[in-house]
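The listed protein sequences derive, respectively, from chains A and B. What the first sequence shows, in this note's numbering, is residues 1 to 75, in sequence order. What the second sequence shows, in this note's numbering, is residues 1001 to 1256, in sequence order.
Think of the hints as simulated: they come from the structure by calculation, not from any bench. Yeah, the Cβ is synthetic: ideal placement off N, Cα and C, and Gly gets one too. A couple of the hints might just be wrong.
Covered stretches of chain A, going by a simulated chain B footprint (3 or more residues, C-beta under 8 Å) [said to hold, decoys possible]:
1) 29-42
2) 52-62
Keeping only pairs whose Cα atoms sit at most 30 Å apart, straight-line, the calculated DSSO-like set for lysine-lysine is [unchecked claim]:
3) B:K1222 x B:K1136
4) B:K1183 x B:K1222
5) A:K28 x B:K1233
6) A:K28 x B:K1143
7) B:K1076 x B:K1143
8) A:K72 x B:K1143
9) B:K1136 x A:K72
10) B:K1233 x B:K1090
11) B:K1179 x B:K1031
12) B:K1143 x B:K1090
13) B:K1090 x A:K48
14) A:K48 x B:K1183
15) B:K1197 x B:K1183
16) A:K48 x B:K1209
17) B:K1076 x A:K48
18) B:K1136 x A:K28
19) B:K1179 x B:K1233
20) A:K48 x B:K1143
21) A:K48 x B:K1218
22) B:K1233 x A:K72
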Amino acid sequence: MPQELIDILLRTAPDTDVSKLTTESRLKADLGLTSLDFIMIMFEIQDKYGVTFTGEESFETVGDVIRFLQEKTGN
Amino acid sequence: MKTMSLRHRNGMEHLTMRVLVRSLSLFMHCKCDSMEDMPEEPIIFCCNHYELFGPIAAVISLPVRFKFLMNADILKPRENMEQLLTGVRKAMPRLSEKQIRRLYNIVCPRAERALRQLDPVPMTQGWASVISEMQKATDEMVKGNSILIFPECGTPTYSIGSVTEFRQGFAIIGEFYRKRTGKDALFCPAYIDKWTKQIHFGELIPYGKGPAREECMKVSQKLYHSMTTMAEKYGHAPETYEDEEALEEEVRSVHG
C-alpha cells in the first residue's frame, strides 16, 4: 500500500482504520467513506499527482485507486 | 451586478432560449429580487428544486448569463424512463398509468432535444464524476458564466415550499475557482417560491480559505440555513396537494 495514499486517506478521512486497510478494502462498505470523503480524496490525489479525472472512472476498492494512479503516473 | 438580458446569449443558444422562454414564460416566469447589489463576477446560484418547477423557473427567469448543472439521467429520458416516471407519477397523481406513459412519450423526445440545445453540464450520480463535473463548471465560471445548481439531496421533495438537506461536495468548485482565478467563489442561495412566482436571493456566501473539507461543509450548511429561513419566510406549506386550489386562492387574495 503506497504510504502517500495512506497519508491522503488519513488527512481527508481521519476516522479511517488503516490497520485493516488492504487493496481489497471497499471504499464505501469497508472503510465507510462518505461521498464528501471521496471527493476530498480525489481532490488531493489530483493535486498531488497532477492527474485528471474524466468522470468515467469507477473506484470500488482501494486497489482500483492504486491501479488508476499506476496507470496515470507510470509508477 | 448589472442584470444581463437574453440578448447577451449568442447563436443557437440565443434562439433556443428565446423560443423556450416565450412559451414557458406564460406560465412559469418568476420575478427576481433586485440584483443591483450583486458583484459583476460569476456567482454560483443554488436553488431549491420544488418538483420540476424550480429548474424550469430558474432557467427562464434568472437575469444573468449562466450554465446549469443537470442530472445526466434527465438528458437520457428514454434510457431512464422507468426511473423518471416515478417522479412524474408523484407530480401528477391524478393521471392514469396509460395517460402518464402517453404524455411521457409525447413530451420526452422534444424535451430531450430542447435540453441538449441548452447545453447543460451533465451531473452523473457516481462519486467519481463529481470532480470532473465541478471542473467543467469552473471552466464556465472562468469564461464569465454564472452557475446554476440544485444542491438538495435525498429523495426529491414534492411537499410544497420545503427544502431538503444540501449536498456538500459540489462546493469543491470553490477550490478550483480559487486555483484558476485567485478569487473566492461566491455562492448565492436562491429560493424559488412557486405560488408567488418570485425568486428570492439570500446573502452571498464566499468560499473561505480554510481546509477544503471544512469549507465545503460550511458553505453547504450556510446555504441550507439561508434557504430554510427563506422557505419559512416566503414559502407556503400546505399539507397535501389537495390543498393546492385553496392555497392558490389564498395567494391570489394576498398578492392580488
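Given the proposed pairing of K72 of chain A with K1143 of chain B, does the C-alpha separation stay at or below 30 Å? holds (29 Å)
For the pair supplied as a hint, K1233 of chain B and K72 of chain A, is the alpha-carbon distance within the 30 Å limit? violated (51 Å)
Within 30 Å, alpha carbon to alpha carbon, are K1076 of chain B and K48 of chain A? violated (35 Å)
Between the alpha carbons of K1136 of chain B and K28 of chain A, is the straight-line distance 30 Å or under? holds (26 Å)
With a cut-off of 30 Å on the C-alpha distance, tell me whether K28 of chain A and K1143 of chain B pass. Violated - the C-alpha atoms of K1143 of chain B and K28 of chain A are around 36 Å apart, more than 30 Å.
Keeping to a limit of 30 Å between CA atoms, is the pair of K1183 of chain B and K1222 of chain B held or broken? Holds: K1183 of chain B and K1222 of chain B sit about 19 Å apart, inside 30 Å.
For K1143 of chain B and K1090 of chain B, compute the direct alpha-carbon distance and say whether it is at most 30 Å. Distance of about 38 Å is beyond 30 Å: violated.
What's the verdict on K1136 of chain B and K72 of chain A, does the C-alpha distance respect the 30 Å limit or exceed it? holds (20 Å)
Is K1179 of chain B close enough to K1031 of chain B, meaning Cα to Cα at most 30 Å? violated (35 Å)
Can you tell me if the region 52-62 of chain A counts as covered by chain B, using C-beta to C-beta distances under 8 Å and a minimum of three residues? Since three or more residues must qualify, the claim that chain B covers the region 52-62 of chain A holds, with 8 doing so at under 8 Å.
Between the region 29-42 of chain A and chain B, are there enough contacts, at least three residues with CB-CB distance under 8 Å, for the coverage claim to hold? Holds: 6 residues of the region 29-42 of chain A have a Cβ under 8 Å from chain B.
Given the hint that K48 of chain A pairs with K1218 of chain B, test it: the Cα-Cα distance must not exceed 30 Å. Holds, because 24 Å separates the two Cα atoms, which is no more than 30 Å.
Taken one by one, the earlier hints fail for this structure at numbers 5, 6, 11, 12, 13, 15, 17, 19 and 22, listed in ascending order.
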